[in-house]
Amino acid sequence: MTTATAKDPTMTQTWQPLCTKADLVAHSGVAAWIETPEGPVQVAVFYLPAGPDMPGPPGQATELFAVDHHDPFSDANVIARGIVGDIQGEPVVASPIYKQHFRLADGQCVEDESVRLRCWPLRFEGERVLIDLG
Amino acid sequence: MTTPTPQDLIIIGNGMVGHHLVEQLVERGTAAHFRITVFGEERHPAYDRVHLSEYFSGRDAADLALGEADFYPTHDITLRLGEGVSRIDRENREVITDQGRYPYDSLVLATGSYPFVPPIPGAETGQPNRLVYRTLDDLDAIRAAATDARRGVVVGGGLLGLEAANALKSLDLEAHVVEFAPRLMPVQLDDQGGTALREKIEELGVGVHLNRATTEITAGDDYRYRMTFKDGEYLETDLIVFSAGIRPQDTLARECRLEIGERGGIVIDDECRTSDPEIFAIGECALWDNRIFGLVAPGYTMARCAADALSGPFRGPEPAGERFAGADMSTKLKLLGVDVGSIGDAHGTSDGAISYRYSDEATGVYRRLVISGDGKRVIGAVLVGDNDPYDTLMQYAQNGIALPEDPASLILPSVEGAPTLGADALPEGATICSCHNVTKGAISETIDAGACDLGAVKSATKASSGCGGCAALLKSVVDHELEARGVEVDHSICEHFAHTRQELYSIVRVEGIKTFSELIAKHGASSTPSLGSSSAPKLGSSSAPKLGCDICKPAVASILASCFNEPITDAAHVPLQDTNDTFMANMQKNGTYSVVPRIPGGEITPSKLRVLGEVGEKYGLYTKITGGQRVDLFGARLEQLPDIWSELIEAGFETGHAYGKSTRTVKSCVGSTWCRYGVQDSVGMAIYLENRYKGLRSPHKLKFAVSGCTRECAEAQSKDVGVIATENGWNLYVCGNGGMRPRHGELFATDLDDDSLIRTIDRFLMFYVRTADRLQRTSVWRENLEGGLDYLKDVVIDDSLGLGEELESQMRHVIDNYECEWANALGDPEKLKRFRSFVNDARPDPDIIVTEERGQLRPA
Ligand SMILES: Cc1cc2nc3c(=O)[nH]c(=O)nc-3n(C[C@H](O)[C@H](O)[C@H](O)COP(=O)(O)OP(=O)(O)OC[C@H]3O[C@@H](n4cnc5c(N)ncnc54)[C@H](O)[C@@H]3O)c2cc1C
Ligand code: HEM
Ligand code: SF4
Ligand code: FES
Chain A
1 MTTATAKDPT
11 MTQTWQPLCT
21 KADLVAHSGV
31 AAWIETPEGP
41 VQVAVFYLPA
51 GPDMPGPPGQ
61 ATELFAVDHH
71 DPFSDANVIA
81 RGIVGDIQGE
91 PVVASPIYKQ
101 HFRLADGQCV
111 EDESVRLRCW
121 PLRFEGERVL
131 IDLG
Chain B
1 MTTPTPQDLI
11 IIGNGMVGHH
21 LVEQLVERGT
31 AAHFRITVFG
41 EERHPAYDRV
51 HLSEYFSGRD
61 AADLALGEAD
71 FYPTHDITLR
81 LGEGVSRIDR
91 ENREVITDQG
101 RYPYDSLVLA
111 TGSYPFVPPI
121 PGAETGQPNR
131 LVYRTLDDLD
141 AIRAAATDAR
151 RGVVVGGGLL
161 GLEAANALKS
171 LDLEAHVVEF
181 APRLMPVQLD
191 DQGGTALREK
201 IEELGVGVHL
211 NRATTEITAG
221 DDYRYRMTFK
231 DGEYLETDLI
241 VFSAGIRPQD
251 TLARECRLEI
261 GERGGIVIDD
271 ECRTSDPEIF
281 AIGECALWDN
291 RIFGLVAPGY
301 TMARCAADAL
311 SGPFRGPEPA
321 GERFAGADMS
331 TKLKLLGVDV
341 GSIGDAHGTS
351 DGAISYRYSD
361 EATGVYRRLV
371 ISGDGKRVIG
381 AVLVGDNDPY
391 DTLMQYAQNG
401 IALPEDPASL
411 ILPSVEGAPT
421 LGADALPEGA
431 TICSCHNVTK
441 GAISETIDAG
451 ACDLGAVKSA
461 TKASSGCGGC
471 AALLKSVVDH
481 ELEARGVEVD
491 HSICEHFAHT
501 RQELYSIVRV
511 EGIKTFSELI
521 AKHGASSTPS
531 LGSSSAPKLG
541 SSSAPKLGCD
551 ICKPAVASIL
561 ASCFNEPITD
571 AAHVPLQDTN
581 DTFMANMQKN
591 GTYSVVPRIP
601 GGEITPSKLR
611 VLGEVGEKYG
621 LYTKITGGQR
631 VDLFGARLEQ
641 LPDIWSELIE
651 AGFETGHAYG
661 KSTRTVKSCV
671 GSTWCRYGVQ
681 DSVGMAIYLE
691 NRYKGLRSPH
701 KLKFAVSGCT
711 RECAEAQSKD
721 VGVIATENGW
731 NLYVCGNGGM
741 RPRHGELFAT
751 DLDDDSLIRT
761 IDRFLMFYVR
771 TADRLQRTSV
781 WRENLEGGLD
791 YLKDVVIDDS
801 LGLGEELESQ
811 MRHVIDNYEC
821 EWANALGDPE
831 KLKRFRSFVN
841 DARPDPDIIV
851 TEERGQLRPA
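For the protein sequence lines, the chains are A and B, in the order given. The first sequence begins at 1 in this note's numbering and counts up one residue at a time. The second sequence begins at 1 in this note's numbering and counts up one residue at a time.
No wet-lab data here; the hints were simulated from the structure. A portion of the hints provided could be inaccurate.
To be verified - Derived lysine-lysine pairs resembling BS3-like cross-links, with alpha carbons at most 30 Å apart: (1) B:833 with A:21; (2) A:99 with B:458; (3) B:230 with A:21; (4) A:99 with B:589; (5) A:99 with B:831; (6) B:522 with A:99; (7) A:99 with B:701; (8) B:624 with A:99.
Produce the complete structure using the sequences and hints provided.
In structure tokens, the structure reads:
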């Protein structure tokens with residue numbers, strides 16, 4: 001699939017610990033702070049587990065997503081506090097300020113083609129959540 | 001024939017129809033070809049005479065004015081108010097007033113009509129008791145005469161007379177109606193209809209005296225005047241309003257020898273030209289086919305015809321101008337709060353006409369249906385007490401729609417509600433809005449031209465902007481037309497549920513569903529195929545589960561909270577909430593939050609007030625008093641919220657739900673405890689109500705207020721629920737609104753004791769919670785409620801649906817399960833986990849930058 005994940009999965013990956021599974025809130029988001037070679041970044045981390053209780057992300061290979069926490073429309077750091085949902089099956093988060101939707105898979109803004117959040121691959125390793133900063 | 005220099009067009013009369021003519025000329029672009037002068041005898045610019053009576057219930061002359069104040073100057077039209085025309089000189093083509101002579105090329109008479117006062121000794125011109133009901137000045141005179149008066153009499157029991165009687169009542173007079181004929185509204189109603197109306201009106205405390213011809217008015221013994229009747233009986237009164245019919249104002253036309261009808265009225269042809277082709281007459285002064293039309297809709301039609309005729313020389317031959325072809329005189333009104341409707345041949349005088357009658361003496365409802373001799377069409381109807389069938393009957397009559405097998409079913413009450421005529425059954429030519437002559441066909445055309453919702457159709461056609469009577473019909477036609485074009489007028493809440501909010505509410509109630517996941521699993525929409533977007537093909541099957549979205553999740557969260565009132569921060573509910581509910585604070589534009597503790601009724605001790613000051617200072621919060629009589633603390637960062645709230649809760653505060661679609665505040669005035677006018681303890685009641693309903697989640701926010709007397713300092717009539725103290729208890733107002741679309745609350749019940757007040761509010765609120773749309777305030781809900789206020793009263797007060805008990809017990813459940821959400825969250829470390837700036841770092845968000853202004857911090 002053609003997501004905008006920063007890295008081609010076949011290339012060497014540089015996974016580093018981000019937080020623990022216990023820090024996450026199922027079907028919702030939390031914010032995390034990471035230092036990258038380009039400077040510090042605030043990421044919004046979403047956890048959409050499939051389970052008996054709650055449907056998982058439709059048709060997605062992963063249940064973890066990381067996109068920019070910074071909302072380009074309001075210029076505030078709030079994306080992790082948006083409501084998670086889907087539009088025609090695509091998982092999205094709605095900005096809590098002006099309500100634009102961003103696709104979790106590739107950060108694309110649904111209402112404005114020219115706006116896209118950055119995104120990063122995440123995975124579990126035991127109880128730890130790892131992020132690939134490339 | 002075009003002329004190089006503009007011609008002079010004079011319009012005499014700036015009433016409803018004269019004004020409409022000017023608007024029509026402007027709309028056609030014809031106004032620019034003329035130098036237009038309008039003369040108005042009254043000192044007010046054209047106003048809405050149809051709603052004249054509202055002058056006594058709060059609207060002033062400015063509210064009633066038609067059109068914008070600068071309309072005339074903007075279009076270079078001269079409006080000469082307070083200058084009556086005294087003569088028309090047809091030979092020299094001039095009109096003459098006491099201020100001068102004005103030349104005309106074309107002239108329009110729109111002089112309306114005047115009230116007829118029977119020649120009774122003691123009521124001659126100039127007598128102070130000779131009051132009439134036609135203009136704003138007349139109403140001022142009535143108001144002046146009503147000071148110090150106890151009783152008022154209206155002579156004439158027709159439509160206007162009854163309206164005048166209502167006005168007298170609203171001036172706190174004991175009102176009586178004296179009618180010459182043996183029944184009320186003799187023109188529109190039959191005997192039985194008149195009797196039903198009489199009973200209803202007497203119930204309202206208005207005296208009705210039929211078969212009474214007044215022979216003399218003299219000085220009275222106990223009241224100012226004595227009216228003596230032909231049969232020797234008499235009635236004393238302080239004030240007399242004559243409403244014994246109207247006469248066309250044709251004096252000018254008579255004097256300049258235009259053709260006049262036998263019983264008055266200026267004779268016009270289909271183009272509205274009088275016997276002098278350069279002179280037009282329109283509105284109530286005009287006589288067409290030997291008939292006068294005393295309603296505004298036919299007057300507007302005449303204005304359009306005259307505008308077309310005047311525009312003729314300036315446009316091509318196509319399309320041909322509109323011709324006046326008579327008008328339907330059917331009416332639907334509320335007189336003294338009683339529904340009255342009359343359609344077509346109400347008396348069944350046509351050859352072979354067959355009548356059906358239905359009468360319910362218990363509720364005073366009377367209906368008569370008149371059908372044609374061949375049994376094929378509706379030709380008339382009379383309705384008293386309930387106008388629900390009016391729209392449907394009117395469409396049958398107007399459009400000659402074939403009758404159902406059993407015509408009586410049209411007027412019989414049916415168990416599931418009256419069968420209404422679907423929009424699809426109407427022919428293209430069916431008139432939907434008679435005020436602006438908008439047909440179903442015209443509505444389809446605007447939709448084809450791109451109007452894609454009700455609002456767009458309204459602004460394109462003006463439909464429903466006259467008397468407003470067609471609003472419900474218009475909506476159903478627009479919905480139907482949109483649906484017919486495949487525009488889904490989708491009533492489902494979003495793509496995840498093919499249900500309305502109301503349906504979801506009952507599903508949740510009936511099946512006892514307590515979580516979103518259960519609801520979407522059982523009742524979610526079957527998966528819609530992905531739109532052919534450019535994004536990747538789906539890995540999952542088309543039956544992939546759905547997550548919901550930012551529309552349905554908060555809506556369901558609100559429904560679940562209304563029904564079960566479990567803490568919204570519980571794990572199953574937290575992902576459903578808007579950020580404001582999740583963090584139990586209002587997010588501001590820079591991502592910080594505002595904190596609003598509850599201050600019930602706006603009453604606060606000095607020491608608690610001090611705590612607010614201390615907390616504000618300690619956390620650097622910007623502090624402002626809200627319109628809801630409490631204090632808002634702005635600028636709290638996410639990670640500060642729990643600390644701020646522990647301090648507030650420690651001091652005895654609770655959450656104020658300023659973030660929720662839920663009960664906000666109950667505003668109150670100081671009431672009888674301090675105020676010298678107060679008649680009840682408004683603060684005590686406000687605190688009680690606020691504590692009772694705090695935490696009630698609803699389709700939208702709820703605001704309340706309680707005033708301690710009729711001076712209404714708490715502005716309760718602008719709230720969803722407004723309570724105003726009376727000598728005997730409380731008056732309850734509902735469905736008011738402030739904000740963008742202000743709406744006065746409507747008086748719902750009077751002089752309630754404490755218990756009945758609370759029971760009524762319980763039921764009202766729960767009925768709203770149950771039946772409103774997502775994000776629909778009570779005001780909008782009420783406006784869309786079929787059956788209106790009367791229906792709401794039936795359900796809430798008279799318990800017509802047998803729901804009372806259930807609504808009360810549902811409210812009791814919400815109240816019993818109330819818990820301060822902040823206290824609950826502070827007691828649960830799991831819930832507090834979310835209040836961290838970053839899950840892996842304790843630093844605050846460095847991008848939140850503030851600056852100082854007027855001694856406080858604000859976002860930079
Ligand atoms: C209380 C009330 C309730 C009504 N309710 C309804 C209703 O529910 N539905 C409905 O369809 N209709 C209703 N009507 C009737 C409706 O108001 C009239 O049909 C409509 O106003 C007629 O408009 P018009 O312009 O012909 O006359 P008007 O509105 O009367 O205007 C005529 C104007 O011409 C002026 N004028 C007269 N002579 C001269 C002169 N020589 N020089 C200068 N100016 C002059 C008058 O002062 C007046 O201002 C109601 C009327 C009243 C009074
Ligand atoms: C997004 C913008 C807005 C936000 C976040 C907001 C927020 C609030 C909040 C939290 C309250 C409640 C205060 C309390 O509970 O004591 C309130 C009250 C009020 N708001 Fe707003 N508001 C907004 C816009 C508006 C607008 C546009 C209007 C008017 C057109 C308005 C009119 C009012 C009024 C009149 C009150 C007082 C209600 C009362 O007296 O009971 N608000 N607002
Ligand atoms: S509403 Fe009446 S009781 Fe309340 S403050 Fe005003 S005057 Fe006083
Ligand atoms: S019929 Fe009067 S506004 Fe439409």
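Inset, instruction - Could you check the structure against the hints above and give me the numbers of any it violates, in ascending order? - result: 3
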